[in-house]
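A.B. asks: Now for the letters of each chain:
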Amino acid sequence: MANHLRTQIRDQIKSTLTGLTTTANRVYDSRVYPLASQGTPAIVIYTKSEDSEPLDMGTNTTRLINRNLTIAVEVYVKSTANFDNTIDTCCKEIETAIYTDPTLNGLAQDCYLESTEIDFNSDGDEPLAFATLNFLTNYINKATTPDVAQ
Amino acid sequence: MSIYEFETELDMAAYYDSTTGHGRSATHISANNTSTVLNIILNNEFLELDEGAGVESTQPMAYFQSTLLPSISYGDQLQVTAYKTVEGLVLSPAINFLIRSIQADRKGNTVLELEAA
Numbered sequence: 001m002a003n004h005l006r007t008q009i010r011d012q013i014k015s016t017l018t019g020l021t022t023t024a025n026r027v028y029d030s031r032v033y034p035l036a037s038q039g040t041p042a043i044v045i046y047t048k049s050e051d052s053e054p055l056d057m058g059t060n061t062t063r064l065i066n067r068n069l070t071i072a073v074e075v076y077v078k079s080t081a082n083f084d085n086t087i088d089t090c091c092k093e094i095e096t097a098i099y100t101d102p103t104l105n106g107l108a109q110d111c112y113l114e115s116t117e118i119d120f121n122s123d124g125d126e127p128l129a130f131a132t133l134n135f136l137t138n139y140i141n142k143a144t145t146p147d148v149a150q
Numbered sequence: 151m152s153i154y155e156f157e158t159e160l161d162m163a164a165y166y167d168s169t170t171g172h173g174r175s176a177t178h179i180s181a182n183n184t185s186t187v188l189n190i191i192l193n194n195e196f197l198e199l200d201e202g203a204g205v206e207s208t209q210p211m212a213y214f215q216s217t218l219l220p221s222i223s224y225g226d227q228l229q230v231t232a233y234k235t236v237e238g239l240v241l242s243p244a245i246n247f248l249i250r251s252i253q254a255d256r257k258g259n260t261v262l263e264l265e266a267a
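Chains as they are written, first to last, in my numbering: chain A, 1 to 150; chain B, 151 to 267.
Bear in mind the hints are in silico, worked out from the structure with no lab data behind them. Note that the coordinates shown come from a computational prediction; the quantities given were computed from them, not determined experimentally. A hint or two may mislead.
Stated by the list, open to error - Ranges between beta-carbon positions, derived for each pair:
(1) S115(A) / E237(B): 53 to 63 Å
(2) E157(B) / T70(A): 51 to 61 Å
(3) N193(B) / D51(A): 40 to 50 Å
(4) N3(A) / T177(B): 51 to 61 Å
(5) N138(A) / A181(B): 47 to 57 Å
(6) A244(B) / A36(A): 21 to 31 Å
(7) T80(A) / I252(B): 11 to 21 Å
(8) N68(A) / N183(B): 51 to 61 Å
(9) S122(A) / T177(B): 21 to 31 Å
(10) A36(A) / V187(B): 28 to 38 Å
(11) G19(A) / E237(B): 39 to 49 Å
(12) D51(A) / S242(B): 46 to 56 Å
What the hints assert, rightly or not - A few chain A residues facing chain B, derived, Cβ under 7 Å:
(13) P34
(14) L35
(15) E74
Glycine is no exception: its CB is placed at the ideal position from the N, C-alpha and C atoms.
Please model the complete structure; the sequences and the hints are all you need to start from.
C.D. replies: In structure tokens form, the structure reads like this:
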């Protein structure tokens, strides 16, 4: 049995975002430990919020479940210079990569950027720029097979 | 009966001394390239920036006697010499900073918040 579709989608996003020009291979999923001081620009991917509803009425086991998953792509840039421009460059590279394949290799119906939040922190020896890109991802599965995309 | 004892200028100077005290030699360079050599105490403690997963950092702060540097501005440079053992082993290399915040304690000492240059 394959992994839950949510896992497959997260893995697909990580694969898509690995190797971008600015963030290179500094891409992590569901990271819970802090990044190293010299470990940015970096991307961390989370899947923390999802809404779902049945597309068919009834209790049959083959009914379809429509799911809207929010994928949070966090970007970190710790630098004394051009941190604001670098964070925008990272956003550009991420959006370009995702929109090249909005169905995420057939796992989803669609994936699009829903919102972007950018923040700055002046504490520490270098300023930190931090952005969160929320991608809304719609996917469908049969109720009894949450590991197979429909 | 209590006896009040106050720290004198000499006490403070000994505290900042780079040989027998806790100080390190540093050079302040102003925007018009005027340089002043003084002794400072450099704290550079670990700090975790709490955005998202967090990012490891440090918070460099320099302490010095306010009378040694009466004119100081945001953006000035502070070049700190290496910190060595008596045998000459470098514990912390020389490092340059930019001054980001000036906090006078109004008791004779000033604290500078620093950023890596």
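A.B. asks: All hints are to be evaluated individually against the structure, with a verdict given for each.
C.D. replies: Consistency of the hints with the structure:
Taken as a hint, the range 53 to 63 Å holds for the pair S115(A) and E237(B), whose Cβ atoms sit roughly 57 Å apart. Distance hint check for E157(B) and T70(A): the Cβ-Cβ separation is about 58 Å, which falls inside the suggested range of 51 to 61 Å. A hinted range of 40 to 50 Å holds for the C-beta pair N193(B) and D51(A), which are about 48 Å apart. The hinted range of 51 to 61 Å is satisfied by N3(A) and T177(B), whose Cβ atoms lie roughly 58 Å apart.
The supplied range of 47 to 57 Å is met by N138(A) and A181(B), whose beta-carbon atoms lie about 55 Å from each other. At roughly 23 Å, the beta carbons of A244(B) and A36(A) sit within the given window of 21 to 31 Å. Between T80(A) and I252(B) the beta carbon distance is about 19 Å. The supplied range of 11 to 21 Å therefore holds. Separation of N68(A) from N183(B) is about 59 Å and conforms to the stated range, judged on CB atoms against 51 to 61 Å.
Between S122(A) and T177(B), the C-beta spacing of about 24 Å keeps the proposed range 21 to 31 Å intact. A36(A) and V187(B) have their C-beta atoms about 34 Å apart, which keeps the hinted 28 to 38 Å range intact. Our hint of 39 to 49 Å for G19(A) and E237(B) holds, since their Cβ atoms are close to 47 Å apart. Our hint of 46 to 56 Å for D51(A) and S242(B) holds, since their Cβ atoms are close to 52 Å apart.
At its closest, the beta carbon of P34(A) sits 3 Å from a beta carbon of chain B; the interface hint therefore holds under the 7 Å criterion. The criterion of a C-beta within 7 Å of any C-beta in chain B is met by L35(A), whose closest approach is roughly 5 Å, and the hint holds. This hint holds: E74(A) has a C-beta 5 Å from the nearest C-beta of chain B, less than the 7 Å allowed.
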